[in-house]
Amino acid sequence: MLTRCCGASRWVERMLTRRPFASDDALLAAAEAVWAEADRDDVLEALTHHPRIGASLDELRKKFATTAGWSAGEQSGASSASEQTLTALRDGNVRYEAKFGHIFVVCATGKTAAEMLALLEARMPNDAETEIRVAQAEQGKITKLRLEKLTA
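Its first residue numbered 183, the sequence shown is counted upward by one per residue in the working numbering.
Among the hints, a few may not be true.
The calculated lysine to aspartate or glutamate pairs, modelled on EDC-like cross-linking and capped at a C-alpha distance of 20 angstroms, are [claimed, not checked]: (1) LYS281 - GLU311; (2) LYS281 - GLU195; (3) LYS293 - GLU303; (4) LYS293 - ASP207; (5) LYS323 - GLU214; (6) LYS323 - GLU227; (7) LYS293 - ASP206; (8) LYS281 - GLU313; (9) LYS331 - ASP206; (10) LYS293 - ASP273; (11) LYS293 - GLU311; (12) LYS326 - GLU265; (13) LYS281 - GLU227; (14) LYS323 - ASP207.
Hint data in this document are derived by calculation from the structure and do not stem from the laboratory.
Required output: the full structure, derived from the provided sequences and hints.
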């Protein structure tokens, strides 16, 4: 269940050693503390558990379609995006991955495709070290939301 929240194996292992958790708040606090200790390899491993945005426009449309899955719910704000925005998001993701060597990740809950595109474009000037820390923070937000779903 923890792997569904964050795909970094060291994070999962460290969380398991902290069990049992006295409360949901204790679980969330532990998750945050353990993730704060993550290194670049941990972040990159976690990113491999996210779908790649924009392999094709059809895949991007499907990714943002409303479905029962967590990712779909988190990204539902983009379900009505224009063709132009979807194309720009796909192309931006290709440029991002070419520059940084990993997928673009953002906590998409409540964000439209246009907002995600703006965030992607704002992050493109980052250096690799800054960007991995931004990606780590975004993964942390995603992990927290998913843990909250598990405990709801």
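Cross-check of the supplied hints:
1. For the given pair, LYS281 sits about 12 angstroms from GLU311 by alpha-carbon distance, which is consistent with the 20 angstroms threshold.
2. Restraint check: the Cα-Cα separation between LYS281 and GLU195 comes to about 31 angstroms, which exceeds 20 angstroms; the hinted pair is violated.
3. As the CA atoms of LYS293 and GLU303 are separated by approximately 15 angstroms, the hinted pair is consistent with the 20 angstroms bound.
4. Between LYS293 and ASP207, the direct Cα distance comes to roughly 26 angstroms. Violation of the 20 angstroms bound is thereby established for this hinted pair.
5. Proposed proximity of LYS323 and GLU214 is supported: the alpha carbons are some 9 angstroms apart, at most 20 angstroms.
6. For the hint linking LYS323 to GLU227, the alpha-carbon distance of about 16 angstroms falls within 20 angstroms, and the restraint holds.
7. For the hint linking LYS293 to ASP206, the alpha-carbon distance of about 26 angstroms lies beyond 20 angstroms, and the restraint is violated.
8. With a C-alpha separation of about 11 angstroms, the suggested pairing of LYS281 with GLU313 holds against the 20 angstroms cut-off.
9. Our distance criterion of 20 angstroms between C-alpha atoms is met by LYS331 and ASP206, whose separation comes to about 11 angstroms.
10. A threshold of 20 angstroms between alpha carbons decides the hint, and for LYS293 with ASP273 the separation of about 19 angstroms falls inside it, so the pair holds.
11. About 25 angstroms separates the Cα atoms of LYS293 and GLU311, which puts this hinted pair outside 20 angstroms; it is violated.
12. For the hint linking LYS326 to GLU265, the alpha-carbon distance of about 31 angstroms lies beyond 20 angstroms, and the restraint is violated.
13. Between the alpha carbons of LYS281 and GLU227 the distance comes to roughly 18 angstroms, so the proposed pair stays at or under 20 angstroms and holds.
14. At roughly 15 angstroms between alpha-carbon atoms, LYS323 and ASP207 fall within 20 angstroms of each other, so this suggested pair holds.
Checked against the numbered hints listed earlier, the structure breaks hints 2, 4, 7, 11 and 12; every other hint is satisfied.
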